[in-house]
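K.L.:
Listed below are the residues making up each chain.
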Amino acid sequence: MNSTSAPGDWEDLVTTALLGTDRRTPPWCAPGQDAPVALLDAAAVETVRRRAGLRPARAAERPEPAVPDTRPALPAPAARRLVMLLTDRPGTGGGGRRGTSPDLMELLPQWLAAANARGFGAPVQVLPALLDAARGRTDLRPAALEFAGPRALWLARLNPDWRFALRATPGGGTALPDLDDPGQVQQLWQEGLFAERVALLAAIRAQRPVVARELLVTTWATERAEDRLMFLDSLRTGLTAEDEPFLEQALADRSRNVRATAAELLSALPDSALAARMAVRAAACVAVDRTGEAPGLVVEAPHECDPGMERDGVVAKAPAGRGERSWWLGQLVEATPLGTWERRLGGRTPREIVALAVADDWRSELHAAWCRAAVRQRNAEWSRALLGSPSAPEAGGPGAVSLAERAKLLSTLGGGERAEWVAGFIAAQGLSEAFQLLGVCAVPWAAPLGRAVVDALNIARDAGSYPWSFSGVMGLAERCLDPAEASRLDGLLAVPDESEDAAPGAGGYWAEAFQRLVTTLRLRAAMARELEGP
Amino acid sequence: MTQQGVRWTADQVLALAPDAASRKAGSKLGAAGPWSEAGSSDEGTVWGLCKGSGSKPYQTVVDIADTAGPAYKCSCPSRKFPCKHALGLLLLWAGEDDAVPAGQAPDWAEQWLAGRRKRTEEKRAADASGSPAAADPEAARRRAERRAERITAGAGELEQRLTDLLRTGLASAEQAGYGVWEETAARMVDAQAPGLAARARELGAIPSSGPGWPVRLLEECALLHLLDRAWLRRERLPDGLAATVRSRIGLPGSADGPPLRDSWLVLAQYDTADSKLTTRRIWLHGTASDRTSLLLSYGAAGRAPELALPVGLALEAEVSAFPGAGQLRAALGEQFAPPGPTTARPPGVTTEQAAVRYGEALRDDPWLDAVPVTLDRVVPIPDGDSWQLADADTESALPLTPTARSRPGLWRLVALSGGAPVKVFGELGHRGFTPLTAWPDATGEPVSLC
Numbered sequence: 002m003n004s005t006s007a008p009g010d011w012e013d014l015v016t017t018a019l020l021g022t023d024r025r026t027p028p029w030c031a032p033g034q035d036a037p038v039a040l041l042d043a044a045a046v047e048t049v050r051r052r053a054g055l056r057p058a059r060a061a062e063r064p065e066p067a068v069p070d071t072r073p074a075l076p077a078p079a080a081r082r083l084v085m086l087l088t089d090r091p092g093t094g095g096g097g098r099r100g101t102s103p104d105l106m107e108l109l110p111q112w113l114a115a116a117n118a119r120g121f122g123a124p125v126q127v128l129p130a131l132l133d134a135a136r137g138r139t140d141l142r143p144a145a146l147e148f149a150g151p152r153a154l155w156l157a158r159l160n161p162d163w164r165f166a167l168r169a170t171p172g173g174g175t176a177l178p179d180l181d182d183p184g185q186v187q188q189l190w191q192e193g194l195f196a197e198r199v200a201l202l203a204a205i206r207a208q209r210p211v212v213a214r215e216l217l218v219t220t221w222a223t224e225r226a227e228d229r230l231m232f233l234d235s236l237r238t239g240l241t242a243e244d245e246p247f248l249e250q251a252l253a254d255r256s257r258n259v260r261a262t263a264a265e266l267l268s269a270l271p272d273s274a275l276a277a278r279m280a281v282r283a284a285a286c287v288a289v290d291r292t293g294e295a296p297g298l299v300v301e302a303p304h305e306c307d308p309g310m311e312r313d314g315v316v317a318k319a320p321a322g323r324g325e326r327s328w329w330l331g332q333l334v335e336a337t338p339l340g341t342w343e344r345r346l347g348g349r350t351p352r353e354i355v356a357l358a359v360a361d362d363w364r365s366e367l368h369a370a371w372c373r374a375a376v377r378q379r380n381a382e383w384s385r386a387l388l389g390s391p392s393a394p395e396a397g398g399p400g401a402v403s404l405a406e407r408a409k410l411l412s413t414l415g416g417g418e419r420a421e422w423v424a425g426f427i428a429a430q431g432l433s434e435a436f437q438l439l440g441v442c443a444v445p446w447a448a449p450l451g452r453a454v455v456d457a458l459n460i461a462r463d464a465g466s467y468p469w470s471f472s473g474v475m476g477l478a479e480r481c482l483d484p485a486e487a488s489r490l491d492g493l494l495a496v497p498d499e500s501e502d503a504a505p506g507a508g509g510y511w512a513e514a515f516q517r518l519v520t521t522l523r524l525r526a527a528m529a530r531e532l533e534g535p
Numbered sequence: 044m045t046q047q048g049v050r051w052t053a054d055q056v057l058a059l060a061p062d063a064a065s066r067k068a069g070s071k072l073g074a075a076g077p078w079s080e081a082g083s084s085d086e087g088t089v090w091g092l093c094k095g096s097g098s099k100p101y102q103t104v105v106d107i108a109d110t111a112g113p114a115y116k117c118s119c120p121s122r123k124f125p126c127k128h129a130l131g132l133l134l135l136w137a138g139e140d141d142a143v144p145a146g147q148a149p150d151w152a153e154q155w156l157a158g159r160r161k162r163t164e165e166k167r168a169a170d171a172s173g174s175p176a177a178a179d180p181e182a183a184r185r186r187a188e189r190r191a192e193r194i195t196a197g198a199g200e201l202e203q204r205l206t207d208l209l210r211t212g213l214a215s216a217e218q219a220g221y222g223v224w225e226e227t228a229a230r231m232v233d234a235q236a237p238g239l240a241a242r243a244r245e246l247g248a249i250p251s252s253g254p255g256w257p258v259r260l261l262e263e264c265a266l267l268h269l270l271d272r273a274w275l276r277r278e279r280l281p282d283g284l285a286a287t288v289r290s291r292i293g294l295p296g297s298a299d300g301p302p303l304r305d306s307w308l309v310l311a312q313y314d315t316a317d318s319k320l321t322t323r324r325i326w327l328h329g330t331a332s333d334r335t336s337l338l339l340s341y342g343a344a345g346r347a348p349e350l351a352l353p354v355g356l357a358l359e360a361e362v363s364a365f366p367g368a369g370q371l372r373a374a375l376g377e378q379f380a381p382p383g384p385t386t387a388r389p390p391g392v393t394t395e396q397a398a399v400r401y402g403e404a405l406r407d408d409p410w411l412d413a414v415p416v417t418l419d420r421v422v423p424i425p426d427g428d429s430w431q432l433a434d435a436d437t438e439s440a441l442p443l444t445p446t447a448r449s450r451p452g453l454w455r456l457v458a459l460s461g462g463a464p465v466k467v468f469g470e471l472g473h474r475g476f477t478p479l480t481a482w483p484d485a486t487g488e489p490v491s492l493c
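Residue numbers (the working numbering), protein chains in the order written: chain A, 2 to 535; chain B, 44 to 493.
Accuracy of the hints is not assured; some may be wrong.
Okay, derived cross-link-like pairs now, DMTMM-like style, lysine to aspartate or glutamate, Cα gap no bigger than 25 Å in a straight line [stated by the list, open to error]:
{"hint": "1", "chain 1": "B", "residue 1": "K466", "chain 2": "A", "residue 2": "E65"}
{"hint": "2", "chain 1": "B", "residue 1": "K166", "chain 2": "B", "residue 2": "D305"}
{"hint": "3", "chain 1": "B", "residue 1": "K466", "chain 2": "A", "residue 2": "E62"}
{"hint": "4", "chain 1": "B", "residue 1": "K466", "chain 2": "B", "residue 2": "E263"}
{"hint": "5", "chain 1": "B", "residue 1": "K466", "chain 2": "A", "residue 2": "D70"}
Examples of chain A residues lying across from chain B (beta carbon under 7 Å, computed) [stated by the list, open to error]:
{"hint": "6", "residue": "R52"}
{"hint": "7", "residue": "V84"}
{"hint": "8", "residue": "L524"}
These aren't lab readings, by the way, just hints derived from the structure by calculation. Even glycine gets a Cβ: it sits at the ideal position worked out from N, Cα and C.
Start from the sequences and build out the full structure, keeping to the hints where you can.
P.N.:
Structure, rendered in structure tokens:
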């Protein structure tokens, strides 16, 4: 605020006070008066005078008002719930045992997704807490920013802590041009920064794949190698046979990474010339052996990696610890259209082919390559064959197909089928290996899957282990189990009598863990109800 | 007004928590899961059983209708007050309509309530019949005289310290550190002048408070000198000013002003804590009388003060002022109804009028650091590293205090405004404006900024 007092007097007083009256006697000090007392008297009068005379300052430059948020407001109970979810910030309390109460912060992603699905706008006063939460957790950002709406971007321009919100919006807050205006598109493509050009290409590719490719072709020859790689990668979206000539040409690129990416994209097109060349090479390596009692497969891995193979994206140098012939074989099979094998191997179905014995320990190599091919080509039938029956003994054992590969194979199947397979797996193998597989299942879990998980938890408890051995699955169950299942859990809440072979105190901990599960499910049901409104 | 209409918001409940950990623990218990047999009555009682880690659930009762603020009882061993169970129960009650149905209190809750009501009745009866065993007035007078003598001696000593400081110069204070002033403060505590002690202690911190400290140190020295002098000549001051001086020195007063009955809107509630004491300030605005009053409530360190009034509610009550000219501090007397929702808002002024109001208040109390004001139609504006509240329609603006700039409440205010005018209640003083509560321009609930 501005003071209206004459600054000269006051500054004189301050100077005198700083130096001390011993060094500088105030000139206005009456004779006989004690100098420090006179100084304090004068300063007291001046202080009160200055304070009483304070006047408002001139306003600084005003920011543009925020764009109004036209979305409907949350129902009141849902707004209260949001405040509570945001109160539970990580690091605001002691860790340790998790107790019976739900982990509210873990429910925030679901809450945000549900609120966004219904098109609600955020109450403005919670925006700071919401932005702080999103700042600490990158996985929350997309949903949090969508919910937060235009005012959050307005705030982010004023607070450097929230700059991430500006970065997260496409184009760093600068909107993309009208994609229908070729002039603007061309200008941004020619003159924009790298990030802007990637965003532009991705946006066009999502709507009109052909236009995006043609745009890329216009400047392809002059791009830097790193940029070519990123641009090429954005063609993954909406990949069709029409892209083949361009990709085929990119196989001759100067950069090895660009060549490899082009080859990978081409091999995902089953009718491409590259896929056909790979099929010829791979087929030469695998054959049905009819000499034994039952037909089996014999594998003859390639003896060399010729320039033609290298041109088609096969990496000649094997990583340390792998034989180079099996390394080449893996790459050939992986890039071969799976349809090839049915013709090549006597018209057998995928299931029959997978069941064939493989000579000389080539089985795991061959099956692993087929898994990668099935995932790359999104081939559900082969995925099913390679996954096998969930209850087969080897499904959980050290079989040919690892859990990570299984999770990827599952992602090529439909949601219902996926849930059913994982349910079968859990029923047969228990929970210890199921975490990764549960992660690819749709939320909330389908009824059979939910039941399988609850049953398996129950079995684990009866087996006498501690619940924290299953904390990963428990956490997932809290977030993913259908709230309608809560009532099925009531029987598990009691503390059972301790049996002799059980771990000491385990019963109590299990009851606690199930209680938290039920509480969380009830809470999720309440959250969903509140968002539905009255 | 029935209790069912007076559900609190989650924010209001969380404001009761003694610390952040309790707030978090309470939020977790604010869901139906661990609770059973929860219920509430029309008289403003909420109860429930909370499953804890033991086999026996905790019995939790909260009486929100109590005229002296909510009262809690929980069978848990926590020393936090209110404990997380009480907070969780209130959150449950605030949040879900069907989780806490209306009903008849169970025996264990009823017993506690009956005991409480009985004690309250007895206390009221005792108050009405005058203070028990009224002390010997002659002895009281002698005690007061002895204390006044000690304070006079202390004030003289303090004067000596101040004149010594100015004789050698403030520049020497920078090297001396605050040990000297700590010692002086301890002497003032011995002299039974806590007001002087607090001011002396603050002097010690000023030299390390950043650029411009000589000005602030001179100001505070001068005001302390003024207070010393006022005490030494208190007989020659007008009554009102003399009472102000006594309360600034730290002599206890009693709220013997005439009780004023009004519908009091709770404007703001915030706590400040030092190592020994938590002080809670609650600002009230009388809807009919247009008076602003301050309630103070204290708690030992780590415990929330007892009195808690949720911001935005209004209570029908009597309030009595403490003595002193321009004194805003008051005591809450009889409450006629529990706090309830209201659409009332305090009338606001422009930034220019607010600055004038502080100047005028200094006439009654020159030691006043800030006055409560409500600003109408102001917009928060960034100003370099700092912020201002500017009138929407003119070019004048009040700067925010340095402490207000670093508080999270600032961003709630900025978010609420979005560049548009809002109504803001806060404290305005020589350091600037501290926003405490804001209302959106047209309609809507108040947002607490503390």
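K.L.:
So, for every hint listed, does it hold in this structure?
P.N.:
Against the structure, the hints:
no., hint, verdict
1, K466(B) with E65(A), "holds (19 Å)"
2, K166(B) with D305(B), "holds (24 Å)"
3, K466(B) with E62(A), "holds (20 Å)"
4, K466(B) with E263(B), "violated (32 Å)"
5, K466(B) with D70(A), "holds (20 Å)"
6, R52, "holds (5 Å)"
7, V84, "holds (5 Å)"
8, L524, "holds (4 Å)"
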